[in-house]
Structures are given as structure tokens and as C-alpha cells.
Amino acid sequence: MIPQQFEYSAPKTLDEALGLLAEGARPLAGGMSLIPMMKLRLANPEHLVDLGRIKDLSYIREQGTVIHVGATTTHHDVESSPLLRGKCPLLAETASYIGDVQVRNMGTIGGSVAHADPSADYPAALQALEAKIILRGAKSERTVTAEDFFVDTFTTALEPGEIVREVIVPVDGDGTGTSYQKVLQPASGFAIVGVAVRLRKSGDKISMARIGVTGLSNRAFRAKEAEKALEGRTGTPAEIQAVAALVAKGVDANSDLHASADYRLHLATVYAARALAAALGRIA
Amino acid sequence: MATTTITKTEKLVGKRIRRREDPRLITGTATYVDDIKMPGMLYAAILRSPHAAAKIRSIDISKAKALKGVHAVFVGEDTKDAGAVPCAASLPGLRVPHHNVLAIDRVYLVGHPVAVVVATDRYIARDGAELIEVDYEVESAVADPEKALAPGAHAVHPQWPDNVAFNFHQEGGDVAKAFAEADVIVKQRIVSQRLIPNSMETRGVVADWRAADRTMNLYTSTQAPHLVRSLVAQILGLEENRFRVVAPEVGGGFGAKIQTYAEEILLAWISMKLQKPVKWIESRRENFTCTIHGRGHVDFYEIAAKRDGTILGIKLKLIQDLGAYFTILTPGIPTLSVLMMPGLYRTPNISADIVGAFTNCSPTDAYRGAGRPEATHGIERMVDMLAAELKMDPAEIRLKNFVRNEEFPFPTATGLVYDTGDYSAPLKKAMDMADYDKLRKEQAEARKQGRYMGIGLCAYGEICAFGPSPATPAGGWESATVKIEPSGQVTVLTGISPHGQGEETTFAQITGDELGVGIDDVLVLHGDTSMVPYGIGTFGSRSTAVGGTALYYALQDLKAKVKKFGAMLLESEDVTLAGGKCTDNKTGKSVGFKEIAAAAYRAMKLPPNTEPGLVATHFWEPSNFTFPFGAHLVVTEVNGETGDVAIKRYIAVDDCGNILNPLIVDGQVHGGVAQGIGQALWEQAVYDDNGQLVTGEFMDYTMPRAHMMPWIESAHTVTPTPVNPLGVKGVGEAGTIGASPAVVNSVVDALSTLGVKHLDMPLTPEKLWKLISAGRQA
Ligand SMILES: Cc1cc2nc3c(=O)[nH]c(=O)nc-3n(C[C@H](O)[C@H](O)[C@H](O)COP(=O)(O)OP(=O)(O)OC[C@H]3O[C@@H](n4cnc5c(N)ncnc54)[C@H](O)[C@@H]3O)c2cc1C
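Those protein sequence lines, which keep their order, are chains A and B.
As numbered in numbering that gives the first Met the number 0, residues 0 to 283 make up the first sequence, in order.
As numbered in numbering that gives the first Met the number 0, residues 0 to 777 make up the second sequence, in order.
The set of hints was computed from the structure by calculation and includes no laboratory data.
Be a bit skeptical, because a hint or two may be false.
[What the hints assert, rightly or not] Think about it this way: if two alpha-carbon atoms lie no more than 20 Å apart in a straight line, the pair counts; the simulated SDA-like pairs of lysine to any residue are:
#1 LYS769(B) / VAL269(A)
#2 LYS64(B) / GLN3(A)
#3 LYS38(A) / GLU129(B)
#4 LYS62(B) / PRO2(A)
#5 LYS62(B) / GLN3(A)
#6 LYS766(B) / ALA260(A)
#7 LYS67(B) / PHE5(A)
#8 LYS36(B) / ILE1(A)
#9 LYS38(A) / LEU770(B)
#10 LYS131(A) / TYR58(A)
#11 LYS204(A) / ASP251(A)
#12 LYS562(B) / GLU513(B)
#13 LYS36(B) / SER282(B)
#14 LYS67(B) / ILE1(A)
#15 LYS38(A) / ASP699(B)
#16 LYS38(A) / GLU285(B)
Using the sequences provided together with the hints, build the complete structure.
Here's what the structure looks like:
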């Protein structure tokens with residue numbers, strides 16, 4: 000890597016880091032998105048603040064009905080966490096689809112959501128989980144829903160000087176089934192389309208449906224029309240097909256070398272159906 | 000610990016012996032160009048054109064020059080005395096664009112070098128390059144060879160408005176008659192897309208000029224160090240005997256490091272100007288845009304046959320996308336495709352026309368297979384289409400047209416003489432391994448269920464062991480020197496330049512067997528022009544077939560001499576050299592290899608008419624190419640919902656003549672098949688209409704990776720070539736050549752129920768999904 004010259008700080012405390020960020024420095028987490036951009040000189044930060052040495056920013060903790068995931072928790076830690084695998088398997092499963100082993104060992108959840116790549120995997124799961132994202136600035140802290148956080152391609156609700164401190168996901172108890180299904184872009188491994196589904200049943204009726212979609216358009220989103228159409232149904236194959244078609248309905252789809260808009264929309268339908276069927280099958 | 004006794008226990012050739020070069024590679028102790036550091040060494044960064052076609056109005060280097068740490072900045076005008084990037088291929092009427100090492104007046108591809116900054120470290124050099132201001136007058140560009148040939152297209156070189164670099168015609172037999180007499184003629188346009196060779200190590204150069212003794216040391220990641228030396232010395236007007244080129248560890252080449260590149264000339268030139276060692280290491284982005292690409296064919300085929308399937312003739316119009324300028328072999332590559340047009344079939348009548356088209360793209364040149372994958376893809380698709388037209392089984396039509404065993408040596412309509420073969424053997428073996436008849440039944444069953452299952456065959460032939468000198472641009476022989484040291488240990492110097500092929504192992508096997516010593520007693524050295532007398536290099540599966548043969552003959556000379564010394568020491572007339580010693584055939588007394596070596600150098604006494612020392616050199620000129628062959632059989636299933644292709648079985652039966660080391664042959668087959676599947680399913684260099692390379696990063700250019708590969712069932716038939724005494728043909732390209740047609744034929748077969756007759760690569764899921772959904776609607 001031959002980037003432009005930059006300053007590098009590795010503070011041990013969050014307050015120290017926030018102080019530097021307030022002065023215009025840029026956070027560095029796993030570097031899996033930032034460093035490739037610096038290599039190409041598409042990003043030329045003057046000052047990097049490495050979040051990696053900050054104590055107590057990497058954790059996975061259960062508290063009541065939610066699980067707190069610290070910003071610098073690596074994809075690997077999420078993927079392999081017994082707590083998440085048991086109580087929020089959708090997040091762990093999604094992490095397992097990110098990149099390759101090296102990327103999962105370095106990349107962090109905070110970095111991924113802050114970067115807001117429209118074909119990143121986490122955002123689909125965070126939408127389906129109705130996750131909350133804690134943003135921390137030098138002076139204050141605020142909580143934003145995943146829905147409000149992802150604004151546009153590479154654009155989030157983060158204000159200058161703020162960092163993602165934590166992601167909060169719900170504990171999904173018995174009666175919930177989830178699944179993440181992804182079409183890999185063959186070169187990069189990112190999602191051409193990724194669909195995260197979270198279903199709950201009461202009796203034989205689906206009482207709650209949450210569907211998060213990534214890769215399809217400028218930002219990850221919740222397919223609310225499809226969710227509504229499924230709630231109250233039993234989830235027959237015909238119902239799943241019909242609901243899956245709604246996931247792609249009316250979406251202004253991305254088009255690139257690897258998939259035209261039409262093909263993406265088609266894949267979203269196919270993979271939504273697969274994710275719905277898998278999630279239904281996993282309801283304990 | 001090195002062994003100190005010279006012993007020999009077992010025959011080495013034919014064994015699965017692990018590569019002796021691997022420990023240094025996998026422990027990270029090998030020395031690549033970027034590992035070379037010299038006192039006072041400077042670093043170069045090259046500013047490259049962001050435009051595919053533009054006039055350079057002006058260049059302002061003042062800010063770059065003023066940057067602290069920058070030693071020099073050079074632009075095209077400065078380097079006019081550095082000569083031009085060479086092309087060794089020649090064709091009648093060829094238009095050769097002058098390609099200065101840095102652009103002068105205009106740029107004609109994205110990545111065209113415009114200026115170079117030399118600084119104390121690579122970061123400052125790169126910062127300096129960004130401070131250069133170039134005023135471009137941007138022109139429209141042309142990045143597609145068919146569009147380039149259309150009237151009114153942008154002229155890549157203003158002096159040649161038609162963008163035609165050359166027209167080439169070749170014919171054999173009587174094609175007009177063949178087509179007049181044919182019962183059936185099948186026509187198809189077939190594209191072999193542009194590919195980007197990606198070796199793990201990009202290119203890199205260190206140039207170190209020593210003015211006091213007029214010596215140039217050039218370290219470069221190349222497949223052909225001697226050719227680089229001869230060419231760069233000549234271009235810069237330097238003395239060849241004082242010009243040393245070293246190819247240190249080379250991390251892959253695949254044909255993209257045969258060339259002599261602008262940077263090799265430029266770095267040597269800079270080192271002389273600044274009287275300092277200078278290093279340049281290519282970035283991955285530069286590698287994508289500025290190192291050669293491969294393939295780039297648009298082929299228009301016509302095949303004529305009798306109703307019983309007998310092939311009468313083939314016509315080909317071939318448009319070769321040459322790119323903007325030539326590297327060492329650029330215009331010659333498509334002529335290799337024409338040579339191999341008939342494939343393994345008797346095809347008595349052929350005619351071919353090549354049009355070489357300039358485009359505002361990276362030059363095309365030799366990429367693993369160089370012309371033969373394109374030819375094989377063409378003939379093997381056409382034979383399948385012919386079979387479909389005649390409702391024959393694709394295996395049957397192949398078996399019917401193969402050159403027969405008793406017809407070798409077989410003169411082809413393209414002027415080659417196929418050395419030897421048993422062309423039906425690999426096909427029959429592959430079909431046996433697959434249980435072909437059962438597979439066809441399974442396929443019928445799958446079709447009933449609405450599944451798209453395909454069975455694809457490819458019977459390939461290739462031309463290897465480049466090659467007889469009259470047929471190559473720079474000499475096609477190879478050299479070997481073998482030294483038995485006074486200790487008895489053996490050093491081999493070879494003119495080939497292996498960079499992953501494993502000849503440090505196979506050549507030690509050959510040497511061990513011939514001299515009767517163990518593999519650990521042999522060291523194989525290569526890649527340094529000050530050490531090796533001369534050599535042509537490693538490409539075109541020539542290293543073992545030509546370089547190994549040179550070694551074999553050098554060893555025969557040396558064996559005779561060892562036996563003379565052995566006989567002298569044993570006071571015998573009749574000795575055998577084996578098992579690490581010379582034995583008197585009558586008395587059974589023996590003398591060890593070490594004692595013989597010591598005696599040859601100590602020279603207290605010499606055999607009659609014999610010089611001291613044990614060194615032999617042999618330059619070997621082959622009488623012909625070799626022609627390996629084989630058959631690949633691929634079973635695929637296309638997912639009707641998404642268009643994804645799953646390779647269910649991959650069977651490769653290759654005949655490369657005698658096999659010196661099955662492990663290394665496996666590796667060559669596996670890697671080759673991966674690259675061939677890569678072309679069939681994923682890889683493509685995509686330029687947009689402005690000549691911007693869209694697939695300019697690994698994020699967009701799909702390299703095959705291990706987890707994307709099927710299990711490869713590899714087997715062999717063995718038909719030794721009579722062209723060399725080792726009986727080896729070459730296996731470097733076999734997998735690449737066999738794979739793309741086998742995979743495409745399989746997928747076309749899968750979708751034939753939808754009326755699909757042909758598909759161009761890469762077979763992306765979207766392409767197939769569109770066909771399937773259109774077919775379902777129809
Ligand atoms: C080869 C490869 C394949 C990949 N494949 C996938 C894939 O399949 N799916 C996928 O989703 N991703 C993929 N990625 C991206 C990967 O997941 C990255 O790790 C992630 O996008 C960024 O996380 P990071 O910790 O590396 O952040 P960095 O690269 O360090 O930072 C990314 C951006 O976020 C900012 N930032 C970092 N941390 C914070 C924070 N806590 N608060 C505010 N801003 C912050 C940085 O300033 C920077 O702008 C891939 C990456 C590579 C290199």
C-alpha cells in the first residue's frame with residue numbers, strides 16, 4: 000500500500016479518541032474498507048485514529064431482552080459467539096457470509112455499518128432485527144434505529160466526530176426462525192442481493208415477519224409490504240412465492256457489470272423465497 | 000544437513016517427488032525482486048494516463064521536482080534516446096507502432112506511461128507523480144476490435160485510419176472444392192474474450208548501473224532473462240557481455256513475463272542517468288491495466304462436412320484485438336491459432352484470414368496457451384455444432400474424424416507435422432471413467448424432470464516444445480551445462496527460467512538417474528545470465544521437452560567422461576556407471592562417484608586424450624514441435640431459477656508423453672483447468688466505450704479461487720514423442736486448453752432443449768437465466 004502521508008494515533012480510551020475525532024481525524028477499525036481506498040488514494044485521511052486499542056469496545060453482552068455488540072467486535076467474533084448463535088443466530092449467520100477468513104478476522108461490525116456499503120451483509124440483518132445503533136460524539140450519545148441509520152449509498156446518520164459505539168440486537172427466543180440468504184458477487188464476495196428474514200409464529204400463524212434486504216438498491220431496507228402480507232398466514236409455498244415477489248416490488252434496483260437491475264430483482268425474489276422457507280423451517 | 004556421501008538408491012524419473020523449490024516458497028525465505036535492497040537505492044513511480052486516447056498538450060513537472068526527496072522527473076521527450084519497446088514477431092506488411100518507453104505527444108491507452116518520478120522512497124515517488132500536471136486533449140477511443148474495424152472508427156494511430164495492423168492469409172488443400180462438395184455447412188461467430196493474466200507477483204525491476212566498469216545489473220521478474228538482456232542491451236547501446244540480467248524468484252508469469260517491457264528499459268536508463276540503483280514495483284492496478292492481456296478473438300467459423308460426419312474443410316475469419324501497441328509476440332499469437340485450427344481431426348482443407356485490429360486497450364500477447372485455447376475452443380465448438388446438426392453423438396463424430404494411429408507423422412493442412420498420437424485413447428478413457436452411456440440416460444431422466452443437465456466433451460490437441468528455431472522469433476533451442484564439482488556434487492545450469500513449473504525437481508530427477516546419483520546431490524540453477532551460458536527461457540511447454548533434452552545430452556557427454564576416469568582408476572576397459580559408482584564389468588570392483596570427481600580435478604593422471612575437470616554443455620535444437628493431446632469430459636447442471644452453473648464432474652485425461660513426476664503434472668493440470676474454467680465461467684476484461692478498464696481490480700475481475708473449483712478426476716494415457724529422447728511432450732497449457740470448450744459444450748448441451756446452439760464466454764448466470772426465462776415463455 001502506497002497511501003498519502005497521514006498521522007496515526009492509537010488511543011487507549013474512548014474519550015481520547017473522540018477528542019481527536021472532534022478535531023477532524025478519521026476512525027480506523029479493521030481497515031478492510033478504508034485501507035483499500037487509501038491504497039487507491041480514493042481516501043486520503045490526514046489523521047487516522049485506530050479504535051483497535053480502545054479498551055472495552057469489543058464485546059458481546061446479554062442484558063435482559065437485548066444483546067450489546069461493541070463496535071470493534073470482529074466479524075469472526077460475531078460469527079463464532081455462542082451467545083449470538085444461541086440467542087440471535089441471524090446476526091451470527093450473516094457474519095459468516097462476509098468476505099473470507101482474513102476479512103472476518105480483521106473487519107468489525109462498527110466499521111461495516113459506518114461504511115454503509117450498499118452491498119454489505121450486516122445491514123440486511125440489522126434491518127430485520129430492528130437493531131439499534133448507538134452513536135457517540137465527544138459530548139453526547141444518541142440511539143438511532145437501523146432504519147434511520149442507513150441513509151444512502153455510503154451515507155449514514157453519523158455526524159462528523161461521531162462514532163458507532165455499539166449495535167443492539169434483540170434476543171430471539173423460542174418460536175423465532177431466521178435465515179440469511181446471499182448471492183455472492185463472484186469477484187468480491189459482496190452481496191449482489193442478500194435477504195435476511197426473521198419470523199415468529201403463534202400457533203400455526205405467522206405473528207411477526209421482518210425482512211431486510213441488501214445489495215438490491217442504494218441502501219439496505221425493510222420490505223414492509225411483504226412483511227405485512229405474510230403476517231397472519233401459515234406460510235404455504237404459494238404464500239411464500241407471493242410474498243417473495245413483493246420484496247422486489249417497486250424497488251429502484253442497482254445495475255452493474257455483475258447483475259442488471261432485472262436480474263437483481265429476480266434474484267431478490269428467489270432468495271427471499273429461500274430465506275423465508277429456511278426461516279420457517281427453523282422455528283423451534 | 001547436506002548429504003556428504005554421493006549415493007543412489009532408486010530410480011527418480013516417474014516418481015511423485017515433492018518439489019524441491021517449495022520449502023523456500025512456503026516459508027517466505029525466497030528472494031523476489033521486491034526483496035532486493037541496495038545501498039543508496041532510489042524508487043521510481045510512474046504516472047500513467049487516465050485516458051484511453053488523448054493528445055498531450057503540456058506536462059508541468061515543476062511541483063514534483065520541488066518535492067523534498069525527489070531526485071528526478073523524466074517525461075517522454077527526455078527518454079527519446081532510450082529506444083522503443085520491442086516486438087519480435089514479424090508478418091508481411093505488418094504496421095508496427097513506435098512505442099516509446101514514456102508517451103510522447105499522445106497517449107493511446109489507459110495506463111500509458113507518461114512520466115516517471117524517482118525519489119528516496121516509494122511514497123515520495125508516488126506523491127511526486129500526483130503533483131505532475133498533464134494537460135490532455137481527450138479524444139474518443141475505441142475499445143472493441145469489431146468497432147475498430149468499422150468505417151469511421153476512432154483511429155488508434157492517426158497514420159493508420161482503418162486500425163488494421165495486418166492481414167494474414169493461410170490455406171491448405173482446396174477449401175472451395177470442399178465446401179462445394181459438402182452435404183452440410185455450419186457457421187458460427189465465436190468469441191474468445193479478453194483475459195487478464197494475474198500472477199501472484201506483479202512485475203518489478205531493480206536496475207543497478209556501475210559506471211566504473213560499464214556494467215549493468217538488471218533484476219527483473221521475467222520468464223526469459225537472456226532475451227531481456229540481449230534486447231535491452233541493444234536498445235540502450237550497452238555491451239551485452241557487461242549486461243547481467245537476473246530473474247530471481249518469479250511469482251508466476253503465465254506468458255505475461257516473456258515480454259521485454261518499457262519499465263525494464265526505462266529503469267536501466269534511469270540508473271545510468273542518475274548513477275544509482277533504482278527500483279520499480281508494479282502495483283496491482285498497473286498490472287491490470289499495463290501488463291499484457293490475453294485472448295481477444297472474434298472468430299467467424301464455417302465447417303463443411305459429409306452427411307456421415309466426415310469433416311471436409313474449415314474456413315476461419317479471425318479478428319484479433321491487438322491493443323494499442325505491440326509487445327514481444329503480439330501479432331504472432333493469432334497465427335498460432337491458425338496452425339492449430341484442424342484440432343485432432345484429419346481436416347484436409349482449411350483457409351484462414353486474420354485481421355489484426357488496433358484498439359485503445361492493453362496489448363494482447365501470450366497468455367497460458369497463447370493461440371491454442373482459442374483454436375481449440377473454435378474447432379471443439381464447431382464439431383459439437385456439426386454433431387448437433389447431423390444428430391450424431393459428439394463422441395462419435397470425434398472418433399470418426401481423428402487422425403488414425405497409423406497416419407503419424409501426420410502432415411496437417413496448416414503445414415505442421417503431428418509427431419505421434421493415439422487420439423481416441425483419452426476420449427475413450429474419459430468416457431469409461433464417466434460411464435458415458437449411463438450419463439446420457441441420467442440426462443434423459445433429468446430432462447424429464449425439467450432439469451438442465453449437460454455433458455460436454457473436448458478432444459484437444461496442442462503444439463508444445465517451442466520450438467524448432469526457424470519457427471520462432473528468437474531461436475527455439477535450449478542449453479544446459481552440467482558440472483560435477485570436485486566433491487562429487489552436481490550442479491546443473493539451465494537456460495530455461497522456471498517460475499513455478501518445478502524443473503528444479505524434475506531436472507534433478509533426470510540428472511540423478513543419468514549420473515547414478517541421489518536427488519540431494521543435484522542442484523539446479525537458472526535465471527542469471529552471468530551464470531548460465533545462454534538460454535531462451537520458459538514458455539510454451541518448452542522447458543522439459545527442449546531444456547530437459549539439452550540437459551539429457553549434456554549428461555550423456557559427461558557420463559562418457561566420468562566413465563573414462565572411472566575406467567582409468569579401475570584400470571579397466573569396460574565399466575558401468577550406476578548406483579553412485581563406476582563398476583568394472585569383469586572384476587566387479589568399483590570406485591565411488593566422489594573419488595572419480597576428485598581424481599578428475601586433482602588430475603594426477605588423466606585418461607588418454609582427456610582434459611581435467613567434469614563439465615559439459617549442450618545446446619539442443621529440436622527437429623519438430625511436440626503435440627500433446629487429451630480429452631476432457633464435463634458434467635454440468637444449470638439452475639433453472641438463477642442460471643448458476645454447477646460443475647458436477649470434471650474428468651481430464653491428458654497425454655503429455657512420458658511423465659517425469661506425476662505430482663508436478665497433476666499440479667499443472669489442476670492449475671490449467673482452473674484457468675480454463677475461469678475463462679469459461681467468470682473471467683473477462685471489460686472496457687467501456689471510452690476505453691476505461693471496468694474490471695481493473697480483483698473486486699470486479701473474477702479470478703477462480705479454490706472454493707469455486709470442482710474436484711478434478713485426472714488420468715493419463717502415455718504416448719511418448721519420438722522428437723526427444725525423454726519422450727516428453729509438455730503439459731503446461733493442457734488443462735487451460737481442454738477446459739473452456741469442455742465446459743461450454745457441456746452447458747450448451749444442458750440448454751440444448753431450449754434450442755441453444757452456442758454460447759459465448761463467460762457463461763454468467765445472468766446470461767443463462769435470460770435464455771432459460773425466454774425459453775420458458777416461448
Ligand atoms: C476482500 C474483501 C471482501 C469483503 N467482502 C465483504 C462481504 O462479503 N460482505 C460485507 O459486508 N463486507 C465485505 N467486506 C468489507 C468488510 O466487511 C469490512 O470489514 C467492513 O466493511 C468495514 O469494517 P472495518 O472494521 O474493516 O472498517 P474500516 O475499513 O477500518 O473502516 C471503514 C469505514 O468506517 C469508518 N469507521 C470504522 N469504524 C467506525 C466506527 N466505529 N464508527 C464510525 N466510523 C467508523 C472508517 O473511518 C471508514 O470510513 C470485504 C472486504 C474485503 C477487503
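| message | Just to be careful, I want the Cα atoms of LYS36(B) and ILE1(A) compared with a cutoff of 20 Å; is the pair within it? | response | Distance of about 18 Å is within 20 Å: holds.
| task | Would you check the hint for LYS36(B) and SER282(B), treating anything up to 20 Å between C-alpha atoms as holding? | result | holds (18 Å)
| If you draw a straight line from the CA of LYS67(B) to the CA of ILE1(A), is it 20 Å or shorter? | holds (17 Å)
| If you draw a straight line from the CA of LYS769(B) to the CA of VAL269(A), is it 20 Å or shorter? | holds (15 Å)
| Between LYS38(A) and GLU129(B), is the straight-line Cα distance small enough, at 20 Å or below? | The hint holds at about 14 Å.
| task | For the pair supplied as a hint, LYS62(B) and PRO2(A), confirm whether the alpha-carbon distance does not exceed 20 Å. | result | holds (19 Å)
| When you check the alpha-carbon spacing of LYS562(B) and GLU513(B), does it fall within 20 Å? | holds (12 Å)
| query | Within a Cα-Cα threshold of 20 Å, do LYS64(B) and GLN3(A) meet the stated pairing? | reply | holds (17 Å)
| message | Would the hint linking LYS62(B) and GLN3(A) be met if the CA-CA limit is 20 Å? | response | holds (16 Å)
| said: Holds or violated: LYS131(A) and TYR58(A), Cα atoms, limit 20 Å. | reply: This hinted pair holds, its Cα atoms lying about 16 Å apart.
| message | Just to be careful, I want the Cα atoms of LYS38(A) and ASP699(B) compared with a cutoff of 20 Å; is the pair within it? | response | It holds: about 16 Å lies between the C-alpha atoms, which stays within 20 Å.
| query | Holds or violated: are the alpha carbons of LYS38(A) and LEU770(B) at most 20 Å from each other? | reply | violated (40 Å)
In the structure shown, a violation is registered for the earlier hints numbered 9, 11, in ascending order.
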